[in-house]
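For reference, the chains in residue letters:
There are 2 protein chains.
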Amino acid sequence: MFETYEERMRQMKLYVIGIGPGGEEQMTLRAVRALEKCDCIAGYRLYLELIADLIAGKEQIQTGMMREVDRCTAARDAALAGKTVAVVSSGDAGVYGMAGLMFELCEGKDIDIEVIPGITAACSGAAVLGSPLTCDFAAISLSDLLTPWEVIEKRVLHAAQGDFAMALYNPASKKRTDHLRRVCDIILTIQPPETICGLVSNIGREGESYQLLTLGKLRDTPADMLTTVFIGNSRTRVISGRMVTPRGYRGV
Amino acid sequence: MFETYEERMRQMKLYVIGIGPGGEEQMTLRAVRALEKCDCIAGYRLYLELIADLIAGKEQIQTGMMREVDRCTAARDAALAGKTVAVVSSGDAGVYGMAGLMFELCEGKDIDIEVIPGITAACSGAAVLGSPLTCDFAAISLSDLLTPWEVIEKRVLHAAQGDFAMALYNPASKKRTDHLRRVCDIILTIQPPETICGLVSNIGREGESYQLLTLGKLRDTPADMLTTVFIGNSRTRVISGRMVTPRGYRGV
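As you go down the protein sequences, you meet chains A and B in turn. Following numbering that gives the first Met the number 0, the numbering of the first sequence begins with 0 at its first residue and continues without gaps. Following numbering that gives the first Met the number 0, the numbering of the second sequence begins with 0 at its first residue and continues without gaps.
Calculated from the structure, these hints are not laboratory results. Computed from a predicted structure; not experimentally measured. A virtual CB, placed ideally from N, CA and C, is assigned to each residue, including glycine. Incorrect hints may have been included.
Simulated coverage check for chain B against chain A, where a stretch passes if three residues somewhere in it have a Cβ under 8 Å from a Cβ of chain A [stated by the list, open to error]: (1) 133-139; (2) 223-230; (3) 240-247.
No more than 30 Å apart at the CA atoms, straight line, and that leaves these computed lysine-lysine pairs for DSS-like [claimed, not checked]: (4) B:Lys36 - B:Lys57; (5) A:Lys216 - B:Lys153; (6) A:Lys36 - A:Lys82; (7) A:Lys153 - B:Lys153; (8) B:Lys216 - A:Lys153; (9) A:Lys108 - A:Lys82; (10) B:Lys174 - B:Lys108; (11) B:Lys153 - B:Lys174; (12) A:Lys108 - A:Lys12.
Derived Cβ-Cβ restraints for the label pairs, each shown as a range [unchecked claim]: (13) A:Lys108 - B:Ser208: 24 to 34 Å; (14) A:Gln59 - B:Ile189: 37 to 47 Å; (15) B:Gly107 - A:Pro147: 45 to 55 Å; (16) B:Asp76 - A:Arg32: 32 to 42 Å; (17) A:Gly206 - B:Gly206: 36 to 46 Å; (18) A:Asp177 - B:Asp52: 43 to 53 Å; (19) B:Gln59 - A:Pro147: 44 to 54 Å; (20) B:Ser208 - A:Ala55: 34 to 44 Å; (21) B:Gly206 - A:Asp223: 43 to 53 Å; (22) A:Gly206 - B:Glu35: 23 to 33 Å.
Whenever a hint applies, use it, and build me the whole structure from the sequences.
And the structure:
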């Protein structure tokens, strides 16, 4: 398949691509061009469906949500076999995406990994709500599948003590229905129940919706795994129906 | 200029657009299409130069770096006069961008503000380094022009105590040369000097470069305003010359 060693080396290219919240319009041109170069695309089924037109006719490696390691191992092996491979994540490739795992799986292999960033839910969800993350913020996943729950609780507490605005990823799943409530109770030990919060669901996809509410009310509001939760800091307020954390230009 | 009130209302549209780190290739298609619709583009000169081809022939509102309020007020007034206006920020429109200020300036006016997110430096810089922000992270600006220095110190301390990876924006300027050193000294009270850190300069632009180093060494390394600094958490390590925070899939 390869004429020379150098030629083979040129083929060992693996892209990890963040496709943003959903669909081609929210990808960068750089991401689109990289996908076009690839023979083989690996990703969670839902994400591949979002970019179906772009990857039509290409080999696809699909597995369900919980099979990340299998999928990424298969992608690595396809790259080692000489294919030009893309591993796609929704949102950004780095933030809760597959980039870290691909570096781990390719350690010691001669594969050139190029990470192509995408719009993460902290940014795409914030844009729907207004501008809740104008200043310093913390991104925290409430999933305890890969992070111990005590670590999550500790991070939420420190983020509240530091008066960070927060973007909370994976606020709930079918098995974890009370994580958001428990986290709100931690924040309520620091911040008042009137703190402005926001929920955004199906960001950038069909059915996109958002809701502004107080921290006290958020505590009793159900969320699902397609929702990103935003917690304001001490200066966040509602302006014309949107959630805004002022930067401070106007001395506010 | 307008036939009917309804027609005028349709004109009162203002986009706040994140153009990503630099140049059209790193913008989303949604951002490009919005710019095409606009009559008038407001932004810092350097950012408008990055997208010069896209906005050729359009009215431009440029002011220097420190004149954000003047520029955004002029953009609002152009929208009120019936123009379709875009205010552009580098990176994301929300994160340290102009979205928050535009909502403040347009409060009480009949202007429909649409925020179009872009790739923020936390994500674009992370992609250059490897995957330092795979898990929970905090974004903190070290500029004390709009945030009191004590607040910045408090946030850095809590981010370190929470074992967040960190993306530090605006680590220095001509007037502020010691902020990064002071912040490293705070983190060093919590994390060991061997903690993996990274610097990325001119992300996505000509002259892009990066450097991996330890926290102990970062303390004595100069940075400038075109650099974004990444601080690893307790699990961040170097894999094949890149900075990687494992997500935990492999039980690491």
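Status of the hints after comparison with the structure:
1. 133-139: holds (count 7)
2. 223-230: violated (count 0)
3. 240-247: With 6 residues in contact (Cβ-Cβ under 8 Å with chain A), the coverage given for the stretch 240-247 of chain B holds.
4. B:Lys36 - B:Lys57: holds (10 Å)
5. A:Lys216 - B:Lys153: holds (28 Å)
6. A:Lys36 - A:Lys82: OK: A:Lys36 and A:Lys82 at ~10 Å, within 30 Å.
7. A:Lys153 - B:Lys153: holds (16 Å)
8. B:Lys216 - A:Lys153: holds (28 Å)
9. A:Lys108 - A:Lys82: Holds, at roughly 15 Å.
10. B:Lys174 - B:Lys108: Violated: B:Lys174 and B:Lys108 sit about 37 Å apart, past 30 Å.
11. B:Lys153 - B:Lys174: holds (22 Å)
12. A:Lys108 - A:Lys12: holds (11 Å)
13. A:Lys108 - B:Ser208: 24 to 34 Å: holds (25 Å)
14. A:Gln59 - B:Ile189: 37 to 47 Å: holds (44 Å)
15. B:Gly107 - A:Pro147: 45 to 55 Å: holds (47 Å)
16. B:Asp76 - A:Arg32: 32 to 42 Å: holds (38 Å)
17. A:Gly206 - B:Gly206: 36 to 46 Å: holds (43 Å)
18. A:Asp177 - B:Asp52: 43 to 53 Å: holds (52 Å)
19. B:Gln59 - A:Pro147: 44 to 54 Å: holds (52 Å)
20. B:Ser208 - A:Ala55: 34 to 44 Å: Holds, since B:Ser208 and A:Ala55 (Cβ atoms, about 38 Å apart) stay within the stated range.
21. B:Gly206 - A:Asp223: 43 to 53 Å: holds (44 Å)
22. A:Gly206 - B:Glu35: 23 to 33 Å: holds (27 Å)
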